[in-house]
Amino acid sequence: MASPTETTPTPPSASPDQALLEALRSRAPGAFEQLVRTHGGRLLAVARRLLGNEEDARDAVQETFMNAYRSIDRFEGGSLLSTWLHRIAVNVSLMKLRTRKRKPEESLDHLLPAFKDDGHFAERFESGSEPADVRLSRIEEQAAVRAAIDQLPGHYRTVLLLRDIEGIDTRDVAEQLGITANAVKLRLHRARQALRTLLAPRLGRTDR
Amino acid sequence: MSKMTCRACSDFLVDYLEGQLDPEVRATFEFHLDKCRNCRTYLEQYAAVIRAGQCACERENEQAAGALPEELVRAILEAQGDEGSGRGSKK
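Protein chains in written order, with numbering that gives the first Met the number 0: chain V, 0 to 207; chain D, 0 to 90.
Chain D with its partners taken away, still in its complex shape (with noise of 0.2 Å):
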C-alpha cells in the first residue's frame, strides 16, 4: 500500500466525510488514519466543528420560527395584496 502525508490527509477530507474517495485511496487515507493519531484528532475535530455548525444554525432556526416581525408580516401581505389586486406595488 502507497503511503500517504497528512497534508495528502488533509486534501481529502471534504470527500472522505461524503463517501467519495475511490476504494484504492479510500484504503490508503484510512491506513494512515490508523497510523497517525494527530490526523485522527484534527479528522475529529474537523468533523466535530461542522456538527457544531449545523447544531448552532439549527438552534437559531429553532428561536426564529414563528418569530417573523409583525411590522414584516404585514409588509409582505400588503405587497400580496397589491399583487392581488392587480396594483403590483412593493413594499
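Isolated chain V (complex conformation) (with noise of 0.2 Å):
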C-alpha cells in the first residue's frame, strides 16, 4: 500500500501546484518531469535517511514516482502534492526495509540514563552557558546531530526518523512496522535519551 490517504487538509489558497495536478491527469507533455525534478531531491534526501544505502534509495524514489504516476487520477487534491509524495516515499522506503534480512535488535542500553535505587537520576545534568536549543540549532553542531542520529541501532532510528523526522503519527508507525503503539512509544524514548547522551558533550557538563 504505497498511495496513502490524504491526511493533511490543505485550504484551496494554499494549494498553489493545482495547475500542475491538473496537466498530470491530463498526461501533459513535461509535466511528469516537472513532479520529479520539483520534488524528487527532497523524497531522497528522506529515503537516503531511512534506508542508509543510496542504491536502496534511488530504487526507492523512483518506486515513488511510478505508484505516483499510477495513481494520480486517485489523489484528489487534498493533501499538498509534496505531502503525499512524501507518505509514498516513507511506505516505498518501509516496504525495502522489510525486505531486508532481519537483524537482531541491539541494545542501546550503555546509552539510556542511570537511576539510583531511589528513583532518582544517577548523574547531575548542567546546563552550559546559553540553551541547549540554541547550542545544537548551529549550522556547524548539524553534522553531529546528523551522525549521532545514524550512531542509533536500526530499530530505534527507525522510529526516531519516522516520528520526529518525518511526522509520521505513532499510530501509522505501528501499523508500518507490525509492532503496538507501546512498543513505538518506547523506542522513540529510548531512541530519544540515546541521541541526548550521544550529544551531551555539546549540551553542557554532566557530574557523575
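No lab work stands behind these hints, which were simulated from the structure alone.
Yeah, the Cβ is synthetic: ideal placement off N, Cα and C, and Gly gets one too.
This list has only true hints and no planted wrong ones.
Here are the simulated lysine-lysine pairs, DSSO-like style, with alpha carbons at most 27 Å apart:
1. D:K2 with D:K34
2. V:K184 with V:K102
3. D:K2 with V:K184
4. V:K115 with V:K184
5. V:K115 with D:K34
6. V:K115 with D:K2
7. V:K184 with V:K100
Computed from the model, here is a short list of chain D residues facing chain V with C-beta under 10 Å:
8. M3
9. T4
10. S9
11. D10
12. C38
13. Y41
14. Y45
15. A47
16. E61
17. A64
18. L76
Since each chain sits alone in its own frame, please combine them into the complex, following the hints.
Laid out in C-alpha cells, this is it:
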C-alpha cells in the first residue's frame, strides 16, 4: 500500500500545485518531469535517511514516482502534492526495509540514563552557558546531530526518523512496523534518550 | 499531591511533550519538575535534541531539493515512458 490516504487538509488558497496536478492528470508533456525535478531531491533525502544506502534510496525514489504516476487520478488534492509524495516515499522505503534480512535488535542500554535505587538520576545534568536548543541548532553542530542519529541501532533509528523527523503519527508508525503503539513510544523514548547521551558533550557539563 | 521519582518523570516525557498526560498525572509531573532542577535540565536537553534532529534533517532536505542526480531523473522518466507506452519495464 504505497499510495496513502490524504491526511493533511489544505485550504484551496494554499494549493499552488493545482496547475501541475491538472497537467499530470491530462498527461500533458513535461508535467511528470516537472513533478520529478521539483520533488525528487527532497524525496531522495528522506529515502537515504531511512534506508542508509544510496542504491536502495534511488530505487525507492523511482518506485515512489511510478506509484504516484499510476495513482495520480485517485489523488483528490486534499493535501499538498509534496505531502502525498512524501508519504508514498516513506511507505516504499519501509517496504524495502522489511524485505531486508532481519537483524537481531541491538541494545542501546549503555546510552540510557542510570538511576539510583531511590529513583533519582545517577548523573547530575548541567546546562551550558546558553540554551541547549540554541547551541544544537547551530549549523556547525548539525553534522554532529546527523552523525549521532546514524549511530543509533536500526530499530530505534527508524522509529525516531518516522516520528520526529518525518512526522508520521504513532498509530501509523505502529501499523507500518507491525508493532504496538506502546512499543513505538518506548523505542522513541529510548532513541531520544540515547541521542541526548551521544550529544551530551555538546550540551553542557555532566557530573556522575 | 502524590510524589513522583525522576525515573517515573523520565518515563512520562513522550506523553508530556505530546500533551497526552491526563491532568492528574500532568500536575504531579509538573510538581516534580518544579522541585527538581536535574529533571528540568534533562527535559530541556531531551527536547533540544528532538528539535536539533528536525533542524539538521530539514537543512538536509533543503540542500537536496532540486538536486536529484540527472541519471536518476532520466531513469525515472524512461520507466514512466515505458509504462505509458505499455512496455512497463523497470529502470
